[in-house]
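Got chain A; can you put chain B on it based on the hints?
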Amino acid sequence: MLRISPAPHITSKVSTTKIMWNVVIALMPAFIYAIHIFGERAILLTMLSIISAMGSEYIFQKLTKREIRISDGSAVITGILLAFNISPNSPWWLPVVGSAFAMFVVKQIFGGIGYNIFNPALAGRAFLTASWPSLMAGNWAPPASGTLSGLPTQALDGIAQATPLTLLKVNPTESIAQSLNSTYMLKALFIGKVGGCIGETSALLLLIGAVYLFFKKYADWKISLGYIGSVFVFSGILYYLGKTPVIPLFHMLSGGVMLGGLFMATDMVTSPVTVKGRWIFGIAGGIICVLIRVWGGYPEGVSYSILIMNMFVPLLDRISEKKIFGR
Amino acid sequence: MSLLTFKGGIHPACCKEFSKDSKIKRIEPPDFVYLYLSQHTGIPSKPALEKGEEVEIGQKIAKASGKLSVGLHSPVNGTYMGTVMHPHPLGGMKEAIRIQVNKENSTPFKEKKRAKISSIPKQKLVNIIKDSGIVGMGGAAFPTYFKLQVPSSKKIKDLIINGVECEPFLTSDYRLMMEKPEEVMKGVDVVRRIINPENVWIAIEANKLDAFEIMKGTSSLFPWANFVVLRTKYPQGSEKQLVDAITGRKVPEGGLPFDVNAYVQNTGTAFAIYEAVYLEKPLFERVVTVTGNVRHQSNFLVPIGTSFEYLIKLTEGPIGKISKIINGGPLMGIAQSQISSCVVKGTSGIVVQNETESIKKEPSPCIRCAACVDCCPMNLLPTELYKHIEMNRLEKAKEMGVLSCMECGSCSYACPANIPLTQQFKIAKSRITKKGK
Numbered sequence: 079m080l081r082i083s084p085a086p087h088i089t090s091k092v093s094t095t096k097i098m099w100n101v102v103i104a105l106m107p108a109f110i111y112a113i114h115i116f117g118e119r120a121i122l123l124t125m126l127s128i129i130s131a132m133g134s135e136y137i138f139q140k141l142t143k144r145e146i147r148i149s150d151g152s153a154v155i156t157g158i159l160l161a162f163n164i165s166p167n168s169p170w171w172l173p174v175v176g177s178a179f180a181m182f183v184v185k186q187i188f189g190g191i192g193y194n195i196f197n198p199a200l201a202g203r204a205f206l207t208a209s210w211p212s213l214m215a216g217n218w219a220p221p222a223s224g225t226l227s228g229l230p231t232q233a234l235d236g237i238a239q240a241t242p243l244t245l246l247k248v249n250p251t252e253s254i255a256q257s258l259n260s261t262y263m264l265k266a267l268f269i270g271k272v273g274g275c276i277g278e279t280s281a282l283l284l285l286i287g288a289v290y291l292f293f294k295k296y297a298d299w300k301i302s303l304g305y306i307g308s309v310f311v312f313s314g315i316l317y318y319l320g321k322t323p324v325i326p327l328f329h330m331l332s333g334g335v336m337l338g339g340l341f342m343a344t345d346m347v348t349s350p351v352t353v354k355g356r357w358i359f360g361i362a363g364g365i366i367c368v369l370i371r372v373w374g375g376y377p378e379g380v381s382y383s384i385l386i387m388n389m390f391v392p393l394l395d396r397i398s399e400k401k402i403f404g405r
Numbered sequence: 052m053s054l055l056t057f058k059g060g061i062h063p064a065c066c067k068e069f070s071k072d073s074k075i076k077r078i079e080p081p082d083f084v085y086l087y088l089s090q091h092t093g094i095p096s097k098p099a100l101e102k103g104e105e106v107e108i109g110q111k112i113a114k115a116s117g118k119l120s121v122g123l124h125s126p127v128n129g130t131y132m133g134t135v136m137h138p139h140p141l142g143g144m145k146e147a148i149r150i151q152v153n154k155e156n157s158t159p160f161k162e163k164k165r166a167k168i169s170s171i172p173k174q175k176l177v178n179i180i181k182d183s184g185i186v187g188m189g190g191a192a193f194p195t196y197f198k199l200q201v202p203s204s205k206k207i208k209d210l211i212i213n214g215v216e217c218e219p220f221l222t223s224d225y226r227l228m229m230e231k232p233e234e235v236m237k238g239v240d241v242v243r244r245i246i247n248p249e250n251v252w253i254a255i256e257a258n259k260l261d262a263f264e265i266m267k268g269t270s271s272l273f274p275w276a277n278f279v280v281l282r283t284k285y286p287q288g289s290e291k292q293l294v295d296a297i298t299g300r301k302v303p304e305g306g307l308p309f310d311v312n313a314y315v316q317n318t319g320t321a322f323a324i325y326e327a328v329y330l331e332k333p334l335f336e337r338v339v340t341v342t343g344n345v346r347h348q349s350n351f352l353v354p355i356g357t358s359f360e361y362l363i364k365l366t367e368g369p370i371g372k373i374s375k376i377i378n379g380g381p382l383m384g385i386a387q388s389q390i391s392s393c394v395v396k397g398t399s400g401i402v403v404q405n406e407t408e409s410i411k412k413e414p415s416p417c418i419r420c421a422a423c424v425d426c427c428p429m430n431l432l433p434t435e436l437y438k439h440i441e442m443n444r445l446e447k448a449k450e451m452g453v454l455s456c457m458e459c460g461s462c463s464y465a466c467p468a469n470i471p472l473t474q475q476f477k478i479a480k481s482r483i484t485k486k487g488k
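In the order they appear, the protein sequences are chains A and B.
Whatever position you read off the first sequence (first residue = 1), add 78 for our numbering.
Whatever position you read off the second sequence (first residue = 1), add 51 for our numbering.
The shape of chain A in the complex, shown without the other chains (with noise of 0.2 Å):
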């Protein structure tokens, strides 16, 4: 008997788990990382996370009667992203109960893989923030090789025990913005010498990690130059107005502007499927991120600039329908 089927009788070999777990992978340099200055805690934390996800999601499918896709590498990767969201000093049932919320919630109610308008971590991290805003937002650990704000620790008296952008948000007097902008706190920033959520802290890996997925073209740098380079350019606005005191290389290199903008507003789920599209997204989120930053109650914009743009996904897309060929 043959086989018969329609055209084309080839594919490529790129298949959705591939590139689900090639972005774990591309996660690993800024976890191991996160393991080496902030211990075990992290390990466990994550680990958690990821067990979490998994089983919620097998335990949704199981009672849906759905095929369980637990291996696809998705829920590994809400997993981690959670954990890389929430202090290295959180209690080991935060990460399990943000992953549940994200995978049952976000995630399988919505339809599961495909199907979810938010982004599942980031969705589960806003819950958490929402939830248990103290262990979110004031819970900090140093890590293990610099300081939580990532200034020597007797450059300012007293204000050693807080995150760059609480600083900034808190308290932004002269010389703390002097202190933000100097080349010292760059460079911790870049490194990663800087106390805050478990996977954000070294902007360096997480580009490593990202620049291997741009290359496979797993995940679309369009979206990341669009984000990352508003939130620069914006910020930088601002900056010449006097509006923020920092420079932009400080807001583009602290909190969670490259963990979100190279792994979690390149989601490919909740983000664009046009290239107009995504430069949109791209750079109306860093605009957003900026604007919370700026004038917004939290220190940090990038978690709800991302999750705004979600929602916009359906409608970017319909504008920025291509060209048809010869219309």
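No lab work stands behind these hints, which were simulated from the structure alone.
C-beta: ideal position from N, C-alpha, C; glycine also.
The calculated lysine-lysine pairs, modelled on DSBU-like cross-linking and capped at a C-alpha distance of 30 Å, are:
hint: 1; chain 1: A; residue 1: Lys400; chain 2: B; residue 2: Lys477
hint: 2; chain 1: B; residue 1: Lys58; chain 2: B; residue 2: Lys205
hint: 3; chain 1: B; residue 1: Lys58; chain 2: A; residue 2: Lys295
hint: 4; chain 1: B; residue 1: Lys438; chain 2: A; residue 2: Lys140
hint: 5; chain 1: B; residue 1: Lys111; chain 2: B; residue 2: Lys175
hint: 6; chain 1: B; residue 1: Lys411; chain 2: A; residue 2: Lys294
hint: 7; chain 1: B; residue 1: Lys114; chain 2: B; residue 2: Lys167
hint: 8; chain 1: A; residue 1: Lys401; chain 2: A; residue 2: Lys295
hint: 9; chain 1: B; residue 1: Lys301; chain 2: A; residue 2: Lys300
hint: 10; chain 1: A; residue 1: Lys401; chain 2: B; residue 2: Lys438
hint: 11; chain 1: B; residue 1: Lys267; chain 2: B; residue 2: Lys76
hint: 12; chain 1: A; residue 1: Lys295; chain 2: B; residue 2: Lys301
hint: 13; chain 1: B; residue 1: Lys208; chain 2: A; residue 2: Lys401
hint: 14; chain 1: A; residue 1: Lys96; chain 2: B; residue 2: Lys58
hint: 15; chain 1: B; residue 1: Lys480; chain 2: A; residue 2: Lys400
hint: 16; chain 1: B; residue 1: Lys412; chain 2: A; residue 2: Lys91
hint: 17; chain 1: B; residue 1: Lys97; chain 2: B; residue 2: Lys114
hint: 18; chain 1: A; residue 1: Lys400; chain 2: B; residue 2: Lys438
hint: 19; chain 1: B; residue 1: Lys438; chain 2: A; residue 2: Lys295
Derived, one-sided and incomplete: chain A residues facing chain B with beta-carbon distance under 7 Å:
hint: 20; residue: Pro84
hint: 21; residue: His87
hint: 22; residue: Thr89
hint: 23; residue: Val347
hint: 24; residue: Ile402
hint: 25; residue: Phe403
hint: 26; residue: Gly404
hint: 27; residue: Arg405
Same frame as chain A, but now just chain B:
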């Protein structure tokens, strides 16, 4: 050097190395040949003989019937056995002329050198091409004489000879260019004289630079020809993409190349035109690449009507079990239900796949990776189109350009979730056009 190309497309493994060095070899005819009355776009031809009549190689055995039709010529010396229903490579059972090959009489076709070709008027050339049964040899099988009669309102500026052969595996056009460059160019010259273009472009993909050099080697004889290399990318050989790459003009939606003053002709067709005009030889044999999972991948000169089974045997057989046989390339070719299907004028190759190569991958949900959007050469949004068609919104699909889909297969190829995009569009297109009638 930045090579000419179009936007979008895919880069499948070219797999041409299997057969590219196999020289074109004329094969012994099989015991029977089957010539389908319908092997071109248009009205099927009508048998012109009585059962039991002896036929000679090259003799007309079926006449053109109607406005858009061409005849058939016997590829062998033998006996006309009437018509039977036979599995057609494009699907279904179709009426075919059956000829029993006379094994005693292997007299080859007598080529006659036609005299004073340069003084034959245009219309006469078109008639010769029509009488010789020539159709597009790249797969579409559109009667060439009809295409050559460009409406007088459409002045052709650019004649493009398509030597791109972008489908993986196939090497029949490549071998023709390697072995018969001058003959191909003489065929091009005939086309040039009929349609009188301003420019003539010989377009070859960058993975066939040796063929490019050989073709270019004829330029002293054909000073009017421009030889251009195009980037290796699928579907570079698609008419609209080729016209765009070379002239920068985009064929309008639903239009034809002549709407932008361009005319595209395949290399194999040019060669057939050469044979018809210069040697008075009608189209009854063609080069077929038999490749894929067979022992000796080859380029054969095959009598039209030879069964796939016979050709596969000539390669000393498949390696292991045959699981799929494709008429044409792996991206747009058609899977055969019967190994007894026979070569038609449009069969440029036969690709054999084994069990693992032909395995059907189960589709999973779309992850919106946009691989299909990025590669669609017609600039459609395959993933969005798919969803609309799935929900039966055909009007919306039409508005989003589904009728522009040329079923090149790029989106299905690229999709990491194995969603049968191309198949869905094919069905939607036929549903939309049927509704319109």
